[in-house]
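Asks: Work out the full structure, taking the sequences as your base and the hints as a guide.
Number of protein chains: 2
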Amino acid sequence: MKITILGAYQTKFGELWDKSLKDLSSEAAFGAVEDAGVLFKDIQTAYFGNKMSPQITGQNHVGSLLAEILGTDIPITRIEAACASGGSAVRQACMAIESGQYETALVLGAEKMTDLAISEISVGLMGAASEQERESGLSFVGLYALMARKYFDKYGAGEKDLAAIAVKNHFHGSLNPKAQFPFVLTIDQVMASSMVADPLKLLDCSPITDGAAGLVLASEKYAKKLGSKKPVIIASKQASDTLSLSKRKDLTSLAGAEKAAGEAYRQAGVEAKDIEFAEVHDCFTIAEAMALEDLGFCKKGEGYIAVGKGKTRLGGERAINLSGGLKACGHPVGATGVKQLVEVYSQMMGRAGKRQTKKNKLALTHNIGGTGGTAVVHIVRSAKCKAQSEKSKKE
Amino acid sequence: MKITILGAYQTKFGELWDKSLKDLSSEAAFGAVEDAGVLFKDIQTAYFGNKMSPQITGQNHVGSLLAEILGTDIPITRIEAACASGGSAVRQACMAIESGQYETALVLGAEKMTDLAISEISVGLMGAASEQERESGLSFVGLYALMARKYFDKYGAGEKDLAAIAVKNHFHGSLNPKAQFPFVLTIDQVMASSMVADPLKLLDCSPITDGAAGLVLASEKYAKKLGSKKPVIIASKQASDTLSLSKRKDLTSLAGAEKAAGEAYRQAGVEAKDIEFAEVHDCFTIAEAMALEDLGFCKKGEGYIAVGKGKTRLGGERAINLSGGLKACGHPVGATGVKQLVEVYSQMMGRAGKRQTKKNKLALTHNIGGTGGTAVVHIVRSAKCKAQSEKSKKE
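Chains A and B supply the protein sequences, listed in that same order. Its first residue numbered 38, the first sequence is counted upward by one per residue in this note's numbering. Its first residue numbered 38, the second sequence is counted upward by one per residue in this note's numbering.
Read the hints as simulated data drawn from the structure, not as lab findings.
Which copy is meant is left open, because identical chains are indistinguishable; a pair holds if it fits in one copy or across any two.
Distance condition first, Cα-Cα at most 25 Å in a straight line; then the derived DSS-like pairs of lysine-lysine:
#1 K39 <-> K258
#2 K59 <-> K286
#3 K78 <-> K284
#4 K59 <-> K284
#5 K284 <-> K191
#6 K423 <-> K395
#7 K266 <-> K39
#8 K39 <-> K396
#9 K197 <-> K187
#10 K337 <-> K187
#11 K286 <-> K78
#12 K59 <-> K49
#13 K286 <-> K336
#14 K56 <-> K284
Replies: Okay, structure coming up:
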């Protein structure tokens, strides 16, 4: 696979009381097109990652809403895969281009979450979990707390180990002007924050966020015609797992993420060790520890150790969540998977300002729906990177 | 495009009080796989068209729900495009196969609508319209009534002309054991039914329906390996229009449907006149009159005349909605676009029983979201049909 990222844009993430879903979508869509250096009429199809519009504003059919906002009649398709809606939308756009039907595609991810009371949003978010989980009164933080407890028991990790993940992501977020929470935290502050679902505290959790992100993707042929030296998506894979946590064999690993990552490495012709930086789905701190293991960056049970040693910090061995992650940059659910690729693009284009990594040639994004019922993995290489086997070029 | 329909299945459509979304989805998925003559493990990816699950049961993330039901970890992606969710899901599956990533795909469309009070369902359905339309108290029958009134004014059609469409579709539905309303109607009965939104009466409207439909699609190469003589999708196109009716130039035609159809004809290398039968989106009788014109089967303003002359009836010039259409077969919104292709498959395989058409070699399906904000058109040819230009084979 060779799909060029021609342009990218992220709105400010946060509690944006003066912006609607339409405002955010429009800003991200036109921002991405402008960054791509193409005209809007050059965009041939679009995909829209959005989870909650029907529950929040009663609005289905946001593909057509987007067509109206953008003034276009191209096909626009809404993808919903809970918090993996954005990543899955990127993937569908890649396949639409690979199919040969289109040379360019816009991908938009957007979510307007703060228009509901927090209790209502929590109920809405539980739509990504199973009926049994909803009926038993579980929340998402409760579900991830079950995983954290099991992870602690199995590997000897503790609350401070998870706190270090939040601290690292807030450090990165403090360098990102688009982040919802651009400030640093200390371990003590995380430890002193209110318990939400033991052992996860308030500062282990990603926030409720408004925001949008957009990408313009293009075929190799189209990008070549423009003389593009922009980053290229070389793998896009998705896998499923059970909706219910109770039906899993293991609570300390997401089987879907492992499968999608394995397939993505094969498609790209690279290995985990080759990945220089990554954006992973840290909806809760425990999720990042597991992600590092599921993606093959660390051995099982050693994800939290790598974080503790500073290996995943800017300047470390393999920087994770330079954007600040879901924790500090924010988590507008349908936008998150798209934003991860916007961050990768910014880093590869050398535009990441104070959080710029020098190791910026091969990156991975990891976007999760629910407790792992959907997992989407993308691998991106910069124009300077040669890492891609001959075999994978054919795939 | 050459995507073989290896298998197809439709559940009974109706008010199915003893069946859940899970039951219906499972029956259609396994039914389609069995009909395809493959094993479930041969299915490599899946797409799920569903509109209302989040609003009806609070359940998002139905891709993962389906993975749990089916016991699989393949990627399953939910597509939502209001009442065009099913058709759009078929289209995404076609492109996934065309991308070369997959050789087989399952497409499922399912909706469980009768678990809500009718007033609540009406509110939920309006999620497919614009905010302004919802806030002004319009319903979908109200929106289509505006179109009907304009159509009457412009072309001189009247209520009895629309009634003839319901009568024709109920005649076809009376021959379909899977139909929700398998009985005939007379013009007088339609005319005597309660006025819902002038000039549309109860019997001009499609019903609220539970049901599911499934397809197994395969690449040309895979189908060849099986020695398949099954129908082949030779075009799949989608277009958008404004969400709001008030922003359209014309209320008597759906511009998105015209565009998608035009592109589909070009992709398939066929013309409207070549199409032998079609399943069109008759959510209200007026929609079928407009569809006949948008698809190029009739000149503008003559769709209703063709129906009156019996040209669209079984045995006529070009049979329309042999399944009974949305009107008589039923309209489980996310399933409808998939069911249209199930009907085409059944007709081409000679399995349509009493409603079997002899002119069954080249067909079209037309699936609409909202009042035309999304339109999806597929063209299918039977194994016996030679109609496909050399040019289109390359596309």
